[in-house]
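K.L.:
Required output: the full structure, derived from the provided sequences and hints.
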Amino acid sequence: MLRGIYTAASAMGFQIDAVGVFAHNLSNSGTSGFKRSELISQSFPNMVIQMGDGKSSPLGLGVGAQQSLLDQGQGALKNTHNPLDVAIEGDGYFQTRRPNGTMDITRNGAFAVNAKKQLVSRTGDVVVGANNQPIQFLEGVESQIRVQVDGTITELGNQVGKLKIVQGKPSSQGLAPQLQRFAALVQDAGPQKTPQMRQGFLEESNVSIIKEMVSLLGSQKNYDVGQKLIQASDKMLDKVINEMGR
Numbered sequence: 053m054l055r056g057i058y059t060a061a062s063a064m065g066f067q068i069d070a071v072g073v074f075a076h077n078l079s080n081s082g083t084s085g086f087k088r089s090e091l092i093s094q095s096f097p098n099m100v101i102q103m104g105d106g107k108s109s110p111l112g113l114g115v116g117a118q119q120s121l122l123d124q125g126q127g128a129l130k131n132t133h134n135p136l137d138v139a140i141e142g143d144g145y146f147q148t149r150r151p152n153g154t155m156d157i158t159r160n161g162a163f164a165v166n167a168k169k170q171l172v173s174r175t176g177d178v179v180v181g182a183n184n185q186p187i188q189f190l191e192g193v194e195s196q197i198r199v200q201v202d203g204t205i206t207e208l209g210n211q212v213g214k215l216k217i218v219q220g221k222p223s224s225q226g227l228a229p230q231l232q233r234f235a236a237l238v239q240d241a242g243p244q245k246t247p248q249m250r251q252g253f254l255e256e257s258n259v260s261i262i263k264e265m266v267s268l269l270g271s272q273k274n275y276d277v278g279q280k281l282i283q284a285s286d287k288m289l290d291k292v293i294n295e296m297g298r
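Residue numbers (this note's numbering): 53 to 298.
Only true hints are included.
In silico DSBU-like cross-links for lysine-lysine, where the CA-CA straight-line distance does not exceed 30 Å:
1) LYS291 to LYS273
2) LYS263 to LYS221
3) LYS130 to LYS168
4) LYS280 to LYS291
5) LYS168 to LYS216
6) LYS130 to LYS214
7) LYS130 to LYS216
8) LYS263 to LYS273
9) LYS273 to LYS287
10) LYS168 to LYS214
11) LYS169 to LYS214
12) LYS263 to LYS130
13) LYS130 to LYS169
14) LYS216 to LYS169
15) LYS263 to LYS280
16) LYS221 to LYS130
Label-pair distances were calculated between CB atoms; the ranges are:
17) LYS169 to GLN219: 22 to 32 Å
18) LYS169 to LEU122: 26 to 36 Å
19) GLN272 to GLY142: 28 to 38 Å
20) ARG150 to GLN124: 22 to 32 Å
21) LEU289 to PRO151: 56 to 66 Å
22) GLU141 to SER260: 12 to 22 Å
In short, the hints are calculated from the structure, not lab data. Being a predicted model, the structure only gives us computed values, none of them experimental. Every residue gets a Cβ at the ideal spot worked out from N, C-alpha and C, and that includes glycine.
P.N.:
Structure follows, in structure tokens:
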């Protein structure tokens, strides 16, 4: 009975974590470039109990959350008609630099021009060029800026820089998860699609609201089932204790 309680409790804990992930995905379904997360489960280490006949038997005690992985799937491209909006079609991330020098990566290409006439992200971080320097404009007039499919940026026909696209998978998330800023990359040995830049477009999140809602409701139902199992096991245990006390 204790085994049933432990197993149900671990399953309930996993469902709580899963609900948090699904809710996070849903709340950011409208964030440009957002990548949904998926919770991966892992069985607890098997425990060994000594049986009355001297033999041992492995005892599994349910599951727990191993890690949260990002779904790297491409989001749909939305035409914004804004020349400073750039979407990546394919693999890769834009690289940005915070005021303190910290380097980040992001898929959100909602850019702007700051007071220094530099290309910046929606958080105000400087967008890094292929030469690892800020992309500097002369005038910074939106209508004069063109972004080629290879990331080359021109102003009135003159090249002012090229977007730096870094490859790999994010290994950690920034301080503000909803911004999808990542601090580091790990190498991805899998096949990669050569990225192309789409000026005037933004990549929408790859969150399916229907799928996340179904998963969310499923986790809530599984949690309720675990709760009922614990209540049933508790009643049985209480009955056994009372019988033994007679």
